[in-house]
Amino acid sequence: MTGSKPLHSVVCIKQVPDSAQIRVHPVTNTIMRQGVPTIINPFDLFALEEALRLRDRLGGSVTVLCMGPMTAEDSLRKALTFGADRAVLLSDRYFAGSDTLATSYALSMALEQIGRTFGTPDVVFTGKQTIDGDTAQVGPGIARRLGYNQLTYISKIRELDPAAGVLTVERRAEGGTQVLETRLPVLITMLEGTNEMRRGGIDTALAAAKAEVTIWNAAAVGIEDLTRCGLRGSPTIVKKVFAPSARSEKAVMIPVEGTPYESARAVIEAMFARLPDVEAQLLETAAQSAY
Amino acid sequence: MSETEQDASPRFDAIVVGAGPSGNAAAYVMAREGLNVLQIERGEYSGSKNVQGAILYADALEKIIPEFRDEAPLERHVIEQRIWTMDDRSHTGVHYRSDDFNEEKPNRYTILRAQFDKWFNSRVRDAGATVLFETTVTELVRDLSGKVIGVRTDRSGNPIMAPVVVLAEGVNGLVGQRSGLREELKPDTVALAVKEMHFLPREVIEARFNLQGNEGVVIEAMGTITKGMTGTGFLYTNEESISIGIGCIVEDFVDSAETPYGLLEAFKNHPSIKPLLAGSEIKEYAAHLIPEGGYRAIPQLYGDGWLVVGDAGQFVNAVHREGSNLAMTTGRIAAETVVMLTRKREAMSAANLAAFARRLEETFVMKDLRKYKGIPNLLHGGKAQFFGTYPRLISQAMQTWFRVDGVDKKTKENAIARSFREARGWRGMIGDTFRLVRAWR
Amino acid sequence: MADTAKPAAAKANAGSRAGTKKELPDHFKAYRHVWVAVEIEHGQVHSVSFELLGEGRKLADKRGVELGAVVMGDDRAALDAAAAQCFEYGADVVYVVEDPALAHYRNETSTSVLTHLVETYKPEILLLGATNLGRDLAGAVATTLRTGLTADCTELAIDEEGSLAATRPTFGGSLLCTIFTLNFRPQMATVRPRVMPMPARQEGRTGRIVEYAPAIVEADIVTKVLDFLADRDSDKANLPYADIVVAGGLGLRSAENFQLVRKLAEVLGAEYGGSRPLVQKGWITADRQIGQTGKTIRPRLYIAAGISGAIQHRVGVEGADVIVAINTDPAAPIFEFAHLGIVADAVTLLPALTEALAARLRVNRLAS
Ligand SMILES: Cc1cc2nc3c(=O)[nH]c(=O)nc-3n(C[C@H](O)[C@H](O)[C@H](O)COP(=O)(O)OP(=O)(O)OC[C@H]3O[C@@H](n4cnc5c(N)ncnc54)[C@H](O)[C@@H]3O)c2cc1C
Ligand SMILES: Cc1cc2nc3c(=O)[nH]c(=O)nc-3n(C[C@H](O)[C@H](O)[C@H](O)COP(=O)(O)OP(=O)(O)OC[C@H]3O[C@@H](n4cnc5c(N)ncnc54)[C@H](O)[C@@H]3O)c2cc1C
Ligand SMILES: Nc1ncnc2c1ncn2[C@@H]1O[C@H](COP(=O)(O)O)[C@@H](O)[C@H]1O
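Residue numbers (the UniProt record's numbering), protein chains in the order written: chain U, 1 to 291; chain Z, 1 to 441; chain B, 1 to 368.
No farther apart than 30 Å at their CA atoms in a straight line, the calculated lysine-lysine pairs in the BS3-like style are these:
(1) B:Lys224 to U:Lys156
(2) Z:Lys268 to Z:Lys49
(3) Z:Lys268 to Z:Lys227
(4) U:Lys250 to B:Lys263
(5) U:Lys210 to Z:Lys118
(6) Z:Lys283 to U:Lys250
(7) U:Lys240 to B:Lys122
(8) Z:Lys412 to Z:Lys383
(9) Z:Lys371 to Z:Lys227
(10) U:Lys210 to Z:Lys63
(11) Z:Lys274 to U:Lys250
(12) Z:Lys227 to Z:Lys49
(13) Z:Lys283 to Z:Lys227
(14) Z:Lys383 to Z:Lys373
(15) U:Lys5 to B:Lys224
(16) B:Lys29 to U:Lys240
(17) Z:Lys118 to Z:Lys283
(18) Z:Lys367 to Z:Lys105
(19) U:Lys5 to U:Lys210
(20) Z:Lys283 to B:Lys281
(21) Z:Lys118 to Z:Lys105
(22) Z:Lys227 to Z:Lys274
(23) B:Lys58 to U:Lys240
(24) B:Lys29 to B:Lys62
(25) U:Lys210 to Z:Lys344
(26) U:Lys156 to U:Lys5
(27) Z:Lys147 to U:Lys210
(28) Z:Lys283 to U:Lys240
(29) Z:Lys268 to U:Lys250
(30) Z:Lys186 to Z:Lys373
(31) Z:Lys49 to U:Lys210
(32) U:Lys156 to B:Lys281
(33) U:Lys240 to B:Lys62
(34) Z:Lys49 to B:Lys281
Keep in mind that the hints were calculated from the coordinates and are not lab data.
Work out the full structure, taking the sequences as your base and the hints as a guide.
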């Protein structure tokens with residue numbers, strides 16, 4: 001353990017519908033949420049595991065924070081089963097319909113309340129993005145509001161010295177990896193595939209099953225101006241949700257007759273009939289490489 | 001969570017393995033009566049391994065949670081039962097529909113297990129039980145005398161102790177088998193059922209099945225759809241979906257070239273079924289075992305420190321397709337037994353837990369299973385007749401009878417009688433009837 | 001915030017806030033023009049910026065306003081070259097921001113520069129690439145400006161009232177939604193590479209340059225770039241920009257069979273990729289995943305072998321000119337959006353295709 005200061009990490013996790021199981025009502029064209037199971041946003045698990053590893057390495061504690069309906073308590077409890085130390089659910093009907101701006105506002109207020117109640121967070125983690133909202137904006141939004149240094153797409157935390165308050169990370173950039181050095185406090189959005197979620201032991205699981213999840217509403221985190229929350233606090237407006245339309249013409253099916261080789265030739269014939277220029281290009285390349 | 005909580009290793013009065021209908025019933029009743037209960041479920045949540053629609057028989061649940069109708073996720077209450085015998089192109093049916101089933105407290109409901117079980121389990125937790133998910137019990141822990149004193153799980157750490165373990169682990173429960181409490185399943189006493197859930201808008205379902213509001217229909221089918229194997233097919237109407245499935249005795253699958261999925265495909269494409277599903281979108285597919293050995297397959301139900309309930313105890317009435325009600329009833333009675341012994345501070349010994357089996361004898365569970373104890377063998381032994389010959393004969397007879405083609409009725413009668421006689425012989429037919437009546441009595 | 005506005009035309013499935021078109025607050029009325037924040041890394045303009053200029057041009061014409069581009073960096077020559085390219089791809093104005101502190105992308109510096117420019121010149125629409133850089137920057141800028149941001153759009157349009165209608169996939173790609181930022185400015189959106197077509201380059205086209213020197217004090221910036229580890233280019237997939245892509249799915253059944261995809265790709269000089277489960281199984285690396293959470297591709301020809309065509313895969317390939325699907329299941333969803341289909345076992349058809357193609361390319365060459 002470096003220094004005396006225990007590290008406090010907060011991981012923002014979102015409960016999302018398992019999108020693989022969402023269906024669109026064939027008649028009304030609305031989303032059928034009935035019976036669609038919810039899961040912890042898969043990207044957030046990489047953030048949680050990274051936070052747990054930091055705690056194992058440096059000491060301190062991990063708080064998980066989720067804004068969502070009361071049923072999101074299940075996801076928080078699951079996070080406790082993985083090994084988080086405490087869980088906070090931010091839930092209020094005024095938050096319904098929040099877009100990323102309103103979400104990051106509410107979460108940043110909750111993070112400040114967490115600071116006042118359990119100690120200021122040194123590192124706030126989020127996932128890279130959610131699978132339902134898919135925006136990757138909430139993390140940057142929180143960083144901006146809290147004035148934390150923003151570190152997105154982090155693939156590795158190389159070093160972290162809680163006492164000195166400095167850290168070095170690897171960040172996935174276009175075409176390569178940036179190595180960045182910065183100071184605590186930071187907001188980190190964790191890249192997927194960087195680690196694998198652990199499985200809590202039986203004691204952790206038992207404690208998690210019995211643990212109290214702290215539940216806060218808007219007032220409890222000091223939100224006075226409710227116009228900054230939920231629908232009213234959201235500058236973006238979803239006007240229409242619809243299923244992707246089917247292409248009017250379906251695929252032209254190539255009949256299967258004779259040997260695979262004959263089928264293959266039929267495919268190639270049909271393919272190049274539509275793309276004569278591509279064939280010409282290929283022939284040219286082939287010709288060049290032949291000489 | 002915090003260090004202080006961690007080293008105070010919890011003490012439980014009872015551990016329940018599994019969170020299906022039987023485990024939930026047992027855990028709920030014990031927790032409600034003030035016992036410190038730990039329930040362990042390997043699935044992500046209660047019902048997660050059980051995705052499809054089913055029939056809920058109200059009575060058994062009412063005895064546990066009388067007000068369940070106000071909160072449980074129920075799909076439709078059943079007002080019409082259709083029983084079909086089918087050959088490849090036809091079905092002959094008995095339909096019973098009654099407005100009496102539109103009663104204030106309906107008797108049967110269609111449910112989606114995933115949602116229903118989840119609700120039931122939330123009641124278990126509200127009652128104060130500790131529930132661990134995504135945790136599999138790997139073995140029972142015994143003391144030197146062989147008494148069961150706790151369980152080990154697939155999570156790292158020490159075993160968890162309790163004076164009694166209720167095994168509600170379902171048909172394929174390996175814990176009991178591995179611990180030598182029960183025998184392995186025999187392929188001739190267990191059916192493999194495959195089911196699908198098909199989405200259809202509620203208006204379409206209501207129009208197709210002639211329903212209003214939350215009324216529902218159940219179809220049970222038997223005949224050549226199982227290609228001569230022992231088994232049945234079924235179709236249930238849910239609120240916005242249809243559950244359809246078919247199941248046969250595992251041994252028959254082994255002996256034949258049929259696959260469960262092939263059977264289901266054929267069943268769905270049967271001319272009597274296909275129009276009912278037309279335009280639907282398949283949502284879920286699942287396969288599951290059903291213990292169908294009946295009375296004779298029931299294992300030892302209790303011992304020092306343990307009890308078996310639900311499918312794990314083979315409590316399924318295959319003839320009437322009842323299972324979850326037997327599961328809940330056995331779970332409840334096991335729980336009441338444990339509560340009684342705990343209150344009296346008596347040991348969870350085999351001798352004391354025998355009260356569970358005695359009380360079961362007084363319920364419909366044992367009475368029904370005993371009544372039908374001959375049926376599994378009969379159907380299995382006579383599968384060629386019951387799932388091939390007779391359905392075909394009945395269908396032909398119906399067709400001969402209803403087709404108006406200039407042949408006089410007497411000749412038709414004779415032809416029908418002859419077809420039965422030739423196919424099965426007088427002696428065979430009399431024998432089948434006799435055996436059927438005897439098995440039923 | 002009284003909801004006094006009359007409800008707009010009853011749009012299907014609108015939430016309760018939908019259709020509330022309030023009067024734009026006065027301080028936003030001055031916002032005009034469409035901007036693209038151009039992405040330069042290591043001296044090179046990312047092609048997504050040109051794609052955005054192409055799209056931005058259409059929006060600007062529809063609104064009758066100028067198209068602006070913002071380029072930032074430390075290298076004058078690179079900035080000038082980038083500005084020239086921006087004009088050729090449709091920009092009317094290029095805001096050139098030069099400062100030594102902008103040598104590498106850093107959130108802190110770029111956010112403050114872009115925020116300052118927006119507040120000074122007031123664009124009504126601001127577009128960025130949905131790359132790691134663009135997403136990092138857009139989220140911070142939108143929060144600072146307290147405005148709406150629609151991420152990963154697949155379609156941008158101007159509605160009857162002159163607002164930006166940004167359409168994007170939602171729920172993991174299962175559905176699409178159209179999003180507006182009615183009462184705040186700028187209206188921000190990000191778009192993934194290759195979702196929009198590359199516009200034609202108009203050689204020699206020029207425009208106005210506006211300079212901005214932010215005079216950043218390096219010592220004030222907390223985050224330092226210690227190093228940049230460039231990806232090794234050798235086996236780097238360049239799926240988004242490949243002309244031909246051959247991909248495999250779970251239908252191939254094994255990692256060995258996936259080699260059949262690579263062989264066909266080789267004959268065609270194509271890139272190869274696959275569906276997400278293959279990444280999860282470790283048959284291919286993550287940078288070869290095609291679809292919603294992988295790469296969006298826009299090839300002339302896309303050959304999909306043993307891929308069911310789930311919606312998350314579909315949204316990544318729909319920009320292809322010709323999609324050829326090989327699947328054993330005639331009811332596979334991929335046949336709903338492929339142009340050519342064949343119901344066949346990919347494991348036998350792929351080698352046949354490879355052989356027949358090799359032969360065809362050889363024979364035709366001899367004939368010509
Ligand atoms: C196709 C089909 C249709 C049916 N239709 C009906 C119907 O319409 N009406 C009806 O009443 N009945 C029906 N049944 C029967 C009914 O589903 C069962 O009788 C009932 O579910 C039994 O309940 P149970 O609690 O004993 O077992 P289950 O419901 O099987 O529950 C057992 C639970 O234990 C868990 N478990 C198992 N092993 C472990 C372990 N080692 N550690 C932790 N957890 C474990 C499992 O994950 C599971 O959740 C049907 C069955 C099938 C297959
Ligand atoms: C949030 C989210 C994001 C996702 N993002 C992506 C993404 O970016 N990209 C992506 O691809 N997926 C993505 N998915 C997964 C996606 O939903 C599908 O699960 C996936 O695309 C299916 O891959 P597949 O087609 O290879 O496999 P399957 O769906 O299993 O299909 C295999 C196909 O092969 C056919 N087949 C079988 N044998 C043969 C044979 N011998 N020859 C020919 N055909 C055969 C089968 O008929 C079937 O159609 C995402 C899912 C979620 C929930
Ligand atoms: N309601 C929420 N509660 C907690 N965390 C959230 C919530 N919404 C988003 N996040 C976090 O922000 C990240 C990015 O979300 P998004 O911008 O929606 O893609 C997620 O991976 C979460 O870590």
